[in-house]
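Enquirer: Hints are included, so try docking the two chains, each in its own frame, into the full complex.
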Amino acid sequence: MPLLQLDGVSKKFGQVVVAQEITFELEEGAALGIIGPNGAGKTTLFAMISGDVKPDAGEITFDGQNLGHLSQAARARLGIGRTYQIPRPFEHMTVFENALLAAQQGARTRGQASYALAYDALVRTGLADLANTSAGTLPLLHRKRLELARALATRPRVLLLDEIAGGLTDPEVNELTVIIRSFSAEGIAVVWIEHVVRALLSTVDRLLCLSSGAIIADGDPSDVMASEAVRSIYLGGRVINEALNQ
Amino acid sequence: MSDVLLDVKNLTVHHGQLRAVDDVSFEVHQGEVLTMVGANGAGKSTLLRTIAGLHRQTSGTIAFNGTDLGKLAPQRRVRLGISLVPEGRRLFESLTLEENLKVGAHRNTKGAFTIERIYELFDWMPARRRQRAWQFSGGEQQAIAIGRALVANPQLLLLDELSLGLAPIVIERIYALIPDIVAHGVGILLVEQDVALGVGVANRVHCLLEGTTSLVGAPAELTPQQIERAYFGSDVRHAAPSSEGTS
Chain A
1 MPLLQLDGVS
11 KKFGQVVVAQ
21 EITFELEEGA
31 ALGIIGPNGA
41 GKTTLFAMIS
51 GDVKPDAGEI
61 TFDGQNLGHL
71 SQAARARLGI
81 GRTYQIPRPF
91 EHMTVFENAL
101 LAAQQGARTR
111 GQASYALAYD
121 ALVRTGLADL
131 ANTSAGTLPL
141 LHRKRLELAR
151 ALATRPRVLL
161 LDEIAGGLTD
171 PEVNELTVII
181 RSFSAEGIAV
191 VWIEHVVRAL
201 LSTVDRLLCL
211 SSGAIIADGD
221 PSDVMASEAV
231 RSIYLGGRVI
241 NEALNQ
Chain B
1 MSDVLLDVKN
11 LTVHHGQLRA
21 VDDVSFEVHQ
31 GEVLTMVGAN
41 GAGKSTLLRT
51 IAGLHRQTSG
61 TIAFNGTDLG
71 KLAPQRRVRL
81 GISLVPEGRR
91 LFESLTLEEN
101 LKVGAHRNTK
111 GAFTIERIYE
121 LFDWMPARRR
131 QRAWQFSGGE
141 QQAIAIGRAL
151 VANPQLLLLD
161 ELSLGLAPIV
171 IERIYALIPD
181 IVAHGVGILL
191 VEQDVALGVG
201 VANRVHCLLE
211 GTTSLVGAPA
221 ELTPQQIERA
231 YFGSDVRHAA
241 PSSEGTS
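Note that the protein sequences, when read in sequence, are chains A and B. According to my numbering, the residues represented by the first sequence are 1 to 246, in order. According to my numbering, the residues represented by the second sequence are 1 to 247, in order.
Derived by calculation from the structure, the hints in this document are not laboratory data. The reader is advised that the hints may include incorrect statements.
Each pair of labels, with its calculated beta carbon distance range [stated by the list, open to error]: (1) B:Asn10 x A:Ser134: 28 to 34 angstroms; (2) A:Glu21 x B:Val216: 53 to 59 angstroms; (3) B:Arg79 x A:Glu21: 47 to 53 angstroms; (4) A:Glu27 x B:Asp180: 46 to 52 angstroms; (5) A:Lys54 x B:Pro126: 27 to 33 angstroms; (6) B:Gln17 x A:Glu228: 50 to 56 angstroms; (7) B:Val216 x A:Gln112: 50 to 56 angstroms; (8) B:Gly70 x A:Gln112: 55 to 61 angstroms; (9) B:Gln17 x A:Lys12: 47 to 53 angstroms; (10) B:Glu93 x A:Gly8: 31 to 37 angstroms; (11) A:Arg108 x B:Thr58: 44 to 50 angstroms; (12) B:Asp180 x A:His69: 51 to 57 angstroms; (13) B:Ala63 x A:Ala113: 58 to 64 angstroms.
With the Cβ distance kept under 10 angstroms, some of the chain B side facing chain A (calculated, not the full set) [what the hints assert, rightly or not]: (14) Gln142; (15) Glu161; (16) Ile169; (17) Val170; (18) Ile171; (19) Glu228.
We treat Cβ as the ideally placed atom computed from N, Cα and C, and that holds for glycine.
Pulled out of the complex, with its shape left as it was, chain B reads as follows (with noise of 0.2 angstroms):
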């Protein structure tokens, strides 16, 4: 295996009273993906706030390259080179679609992705590339918001729901990106409702449940009843009466 990029180590985050990750540890090399697998309420996206910094944990270490980020801000965590695809569009909505980009870009650090890389990623951008973010539908805004973790070229890339609101065929176009980000030397921590999709793209799966670790492996490892357990906590099969499963 390859070097590591990002070394949690018996990470515990509270929110209030609730313990919302519980001595959770893994690591992310270069070049992989780790897809974090789980149910809504079982801590994927407030691990990967706190690896950003914008969550403080309560006990564990976050090494970044060997170095412990400690109580560093989330701006220089992003110096770094860690970028995160919040969930649920956090655009600046007074800016253009093109000013949103460029703050992604404004370090300027060079790498596979450009702004002209996302316009050719996503055809429709540069004709509306003057308009404000807000006047932009809500799968448009998701779009523009990954564009603009992508041309920062991070080392580390924390994508939290990457498929929401957008259309088949674009989920498809921007998994297919993967690959060639990875073999940048790209770290990528996945957090994806969809399992079949986050698994598929994934080295290394990590299941959690109520925030703490269940299951731990590589896709070609694991069966869907392991995942599926991992995720409810028991073998109870889930009483969906319809013929289609998690496929």
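Okay, chain A solo, but in the shape it has when bound (with noise of 0.2 angstroms):
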């Protein structure tokens, strides 16, 4: 059984089609990364999943279960992870207590269980040595750390990631890619959202493309990168001889 499967799940936003019947299957463990153009319902489409935006149209499931009515919060506790676009951290609390929120309402654990939870989602992000910090002082990468470090500590089964490698440097986003790396290796399925193309395609395994909230490609990640379609609206030229270059 996939852990995760959308069945014509369809949105929009006024006149603005963001979801058109999107079908896929998710498998446990998989690395799936989304491409599209702007406004193609990239973000829409995690919204959907975690319970922020309710579809129109169609059905999501998780490890058997439909999520129709589900909180976001019920979500997250089933194993659904989320970071966001612009990184919001509880700026007034430290490193350690953001994680450590995760641990105990995304993981709903107590007591000693979410202090290691916490303290090891922040070894695994590299943010250990600045968990005293005040997580609003926090540079941009270090944001962006603790956004999947918080995801982390609600010991995710699937993790959805938007635009994590945005606005990083080319060595910051290789630093990302190896944490984001070690999850998909421990079997928590990842599915990442990214125009950091070279990012992505270091990590994933499938790749899928959305273009006005339908999917126009979806497959192995050379095959999506050669597709026609791909390259005329929203790849262009560089991206693909970056990638032929590799």
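Expert: Below is the structure:
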């Protein structure tokens, strides 16, 4: 049984179609990349899985359970973790307290178990040394790491990453992809929306392209990259040339 | 070399206790692209914001067209011809797409960029011009912010994280515009997280490391190794296990 299943999921914002009968499955431990033009509905897709936005039609199933009427919090406790494009940690709390909240509320742990889970998430994302720093003072790279740590501390079975590499320099992106690969290596399924295509290709084993809310390509990353439709509406020439030169 | 547009001398800027920019000097000439390269936290955005007047410097001077900007307010600097595309989509959320562009164009400066030109560039805009800014996706908002700065037809364009959140094909289209913009004599100070992209379009590159200048030169004179060293402050190769470099 697949871990996550979307069946005919549709959504409109006014006249703008952001999801048109989206259907796909995700297996346990898979690493799926999502690309698409601006406004294609990528972030909205995540919002429908995490429960932030309600679809107009269709069904989303996680581990055999229909998510239909479940709140965001309930979905997080089932194992759906999510990061956001613009990180918004609890700025007046420390880095550790941010992770601790996720461990308590998301993974439903208490006492020693919460501390251990939160600390482990900080170690995994390279933030252990900053545990007592106020989250509001972190520069961008560390805010992105904290997004990952908070999601990780909820003990997710699937992790939805929304442009986690955006705004980072190439070496910083490399640091993050190392962390993300370690997640999928231990069985956490990863779905990653990203415009930094180089980073995606080094990590995912399947690539899906959305345009105007519809899936226009889904499969092996190199096949999707080679697709004429993907190339003309999303990639352009430069990224293709870089990919070929790798 | 052509005329000096922006002349930054011995600039030091603090963020509270932290010395974010430390004794940095450089010039931007008319019709030139200067790309600032450096890790997050190196002081690039602070530098741009200080030139735009959003931060006060601790010491040093910033002169524009030969005049010291002193403590001039940000809006006065816009009138002189300095436009900033800020990091992170700072649109007027309650205004429509078109109203946001009109805010940028309110000075009615003659130049290459009109609202119509922006609509040609981003062909999805005309149909949605009456939607409020908050209704757009992250990347769409970034495109609107770029359009808003361009329609002011500035002499100096400060671009912070130009490609952030944009689809590759859109980035390509925007970068293709840069030669056209500088051909009109506009100077561009560019901060770009994608080093290959930023260096590719630059006449000169200025690397910042923890607030200080670590390397300056024309792209043709610099090797990838030099730039990498200027990034990290050492010869240590980056520990990326993948086969790809920073291309």
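Enquirer: Hint by hint, note whether the structure agrees.
Expert: Verification of the supplied hints:
Taken as a hint, the range 28 to 34 angstroms holds for the pair B:Asn10 and A:Ser134, whose Cβ atoms sit roughly 32 angstroms apart. The hint said 53 to 59 angstroms for the Cβ distance between A:Glu21 and B:Val216, and at roughly 54 angstroms that hint holds. Between B:Arg79 and A:Glu21 the beta carbons are some 51 angstroms apart, a value that agrees with the proposed interval 47 to 53 angstroms. With their beta carbons about 47 angstroms apart, A:Glu27 and B:Asp180 fall inside the hinted range of 46 to 52 angstroms.
A C-beta distance of roughly 30 angstroms is found between A:Lys54 and B:Pro126, which places it inside the suggested range of 27 to 33 angstroms. At roughly 55 angstroms, the beta carbons of B:Gln17 and A:Glu228 sit within the given window of 50 to 56 angstroms. Between B:Val216 and A:Gln112 the Cβ separation comes to about 53 angstroms, which falls inside the hinted range of 50 to 56 angstroms. At roughly 58 angstroms, the beta carbons of B:Gly70 and A:Gln112 sit within the given window of 55 to 61 angstroms.
At about 50 angstroms, the beta-carbon gap between B:Gln17 and A:Lys12 stays in the expected band of 47 to 53 angstroms. In this structure, B:Glu93 and A:Gly8 meet the distance hint of 31 to 37 angstroms, their C-beta atoms being roughly 33 angstroms apart. Between A:Arg108 and B:Thr58, the C-beta spacing of about 49 angstroms keeps the proposed range 44 to 50 angstroms intact. About 53 angstroms separates the C-beta atoms of B:Asp180 and A:His69, a value consistent with the hinted range of 51 to 57 angstroms.
With their beta carbons about 60 angstroms apart, B:Ala63 and A:Ala113 fall inside the hinted range of 58 to 64 angstroms. Contact between B:Gln142 and chain A, as hinted, is supported at the beta carbon level, the nearest pair being about 8 angstroms apart and thus within 10 angstroms. Because the beta carbon of B:Glu161 sits about 6 angstroms from the nearest beta carbon in chain A, less than 10 angstroms, this interface hint is met. A distance limit of 10 angstroms between C-beta atoms decides the matter here; for B:Ile169 the minimum to chain A is near 4 angstroms, and the interface restraint holds.
Satisfaction of the interface hint for B:Val170 is found here, the shortest Cβ-Cβ separation to chain A being roughly 6 angstroms, below the 10 angstroms cut-off. Interface restraint check: B:Ile171 against chain A, minimum CB-CB distance 8 angstroms, threshold 10 angstroms, status holds. A hinted interface residue such as B:Glu228 counts as satisfied when its beta carbon comes closer than 10 angstroms to some beta carbon of chain A; here the least separation is about 8 angstroms, so the hint holds.
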